[in-house]
Amino acid sequence: MAETMLKVEGINVYYGKIHALKDVSFEVNTGEIVALIGANGAGKSTTLKTVSGMMHPKSGSIHFMGEDITHTESYRLLPKGLAHVPEGRRVFLQMTVQENLEMGAYIQKKISDEDLENVYKHFPRLKERRKQIAGTLSGGEQQMLAMGRAMMSHPRIVMLDEPSMGLAPILVDQIFDIVRELHAAGTTVLLVEQNASKALALADRAYVLETGRITLAGTGAELMSSEQVKKAYLGG
Amino acid sequence: MIHFLQTLISGLSLGSIYALIALGYTMVYGIAKMLNFAHGDIIMVGAYAAIVAVFQMKLPGLVAVLAAVLVCTVLGVTVEFLAYKPLRQSPPLTVLITAIGVSYFLQNIALLIFGSEQMASPVIMKLPALVIGGVQIDGITWGTLAVTCIIMLGLTLFINKTKMGKAMRAVSEDKGAAELMGISVNKTITITFAIGSALAAIASIFYGSAYVYIRPTTGAMPGIKAFTAAVFGGIGSIPGAMLGGILLGVIEQFAKAYISTLWSDAIVFGVLVVVLIVKPTGLLGKKISEKV
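In order, the protein sequence lines correspond to chains A and B.
Numbering-wise (this note's numbering), the first sequence opens with residue 1202 and increments by one.
Numbering-wise (this note's numbering), the second sequence opens with residue 15 and increments by one.
Calculated directly from the structure, the hints in this document are not laboratory data.
Being a predicted model, the structure only gives us computed values, none of them experimental.
One or more hints might be untrue.
[Unchecked claim] Quick list of in silico lysine-lysine cross-link-like pairs, DSS-like style, CA-CA up to 27 Å:
(1) K175/B x K300/B
(2) K1328/A x K175/B
(3) K189/B x K1259/A
Given these sequences and hints, build the entire structure.
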C-alpha cells in the first residue's frame, strides 16, 4: 500500500467573491501519476496554485508528507520537495537558459554540474541554447526549460500545469515522454491537462474537475471508458 | 578645449553621484515595483551621520564612511519593514503616498535633531588635484568618479554573477515564479533596500564633499534628480540608472558652463521630457507588458 504524499481535503478557494474551488478533495500517493482533467475555467490551475501556496484556501486543509502546508508560504514548499511548473511556463524570459536552470537549483547550496548535465541529457536543445535569453526560445523549448528547471531541485513531486498547451503534436508527445521518464526516475507527478486522452493514458489515477468541483474519480483506464468523460473531454 | 574637458569631467563626476542614487530608485522599483520617494532623504541622513561621526565623535574619515553606510542601511531596511512591508498588497498609490510621508518624517526628525541651520560636512577624501594635459581635476572630482566606477562595476558583477544577484533579477521579472524556485521575495526586497541605502550613503559622502553644506532638506534635490536619471535611463534597469545618472550630470554641468546656471535645472528636466516623448520607457528601459 503506497503512502499518501499529498492530501487535499475539502478546500474552498475564492477569487474575491468568485467561489473557484468548492470542497475539493483528492490525494496523490507516492510514486503515482495523477491527472486532473477538466474544461477551461474548471479550477485546475487554481488547484495547483493553492497546493503550491501561490493562493490560500478559505477552508479545508492540504497535507504534504504528513505536514500541514495549508498556509505555508510558496517559497518554503520547494525545499520540502514540492515543485510546481506553473501555467504559461513562467520561465525568466530575460535570463539565459542556464541561469533559469540555476534558479531551479536556488535552494541547493551549490549548483551541481551533474544536475545541469542531467537536464541537458533530457533536453539536448537546451544545451545548445544555454547561453541564449529564455525569451528567444520557442514555446516548446520554454516548456522544456520550465520542466528542466523544476528537475534541478530533485523534487519528490512535480505538479505540471498544462505542459502540452499550445505545442505542436510532435512536441506534445516529447513532453509526455519526459513526464514518463521523470516518473520512471522516481518522481511523483500531478498533471493538469486539457488534453484528456493523453493525460488519462499516462495517469495511474485521475480526477475530473467541473466548475470548481470534483465530479469523477478513478483510474486512468476507468475514466477513459466512462461515458461521461468520453462525451465531455474525449470528443465523443 | 580645456574648459570643455573640465566641464565634461566634472559632469561625469556629478553624474556618477546621481547614478549611485538612481541605482537605489531603480533597484527598489525593479524588485518591489514601488517608487521610494524617501530615498533622497537617506542621502541627507547619511550626510548628517558623517558630520556627527567626524566632528562630534572624532572618528577617522574611513570609519565615518562606514558609520554612514551602516546608519543608512539600517534606516532603509527599517523603513521598508515598518512602512512599506505592511502595504505589500495595497494599491501603488497608497505606497507612493506613504513614501512621501516617510520623506517628510525623516526631514522633520533631522530638523528636530540638527535644527534648520545648515551644517558644514566633513571633507573625507583628501586627494591631490590631478593635472592632465593642462586640465586640472580636483581630488574630490576624480576620487568620486573612481570610487563610483568601482562600485558600479562591483554591483554589475553582483547582479549578473552571484546567486543572490540572479535571484534578484528573477524576483524583478516574476515574483510568483521566483517564489516557486524557493526564493523569498520578502528577503530579496529587504536586501534590495539595504543595497540601495548603502549606495545612497556613499553618494551622501561625495555629495557632502562636493556641496559642503547640509540641511534637513538637502536630500530633496539630488533625490529628485536621481529619480529623473532613473526614469531617463529606463526605470528598473540597472545599466539604465548608471547611464541616466551620468548623462544627467554631464548635461547639467554643460548647461551651467555654456548656457546659464539659472537655467541648468530647467534644461535637465527639459531633456527628460523630450526623452520620454520620444522613448517613453527611457533610454534602456524595456517595454513592459502587463500580465493579468
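- Query: Can the restraint linking K1328/A and K175/B be considered satisfied, given a maximum Cα separation of 27 Å?
  - Reply: At roughly 19 Å apart (the allowed maximum being 27 Å), K175/B and K1328/A satisfy the hint.
- K189/B paired with K1259/A [C-alpha distance capped at 27 Å]: holds, 23 Å
- 27 Å limit on alpha-carbon distance, applied to hinted pair K175/B and K300/B: Satisfied, since the Cα-Cα distance of roughly 21 Å is no more than 27 Å.
Every hint from the earlier list agrees with this structure, and none is contradicted.
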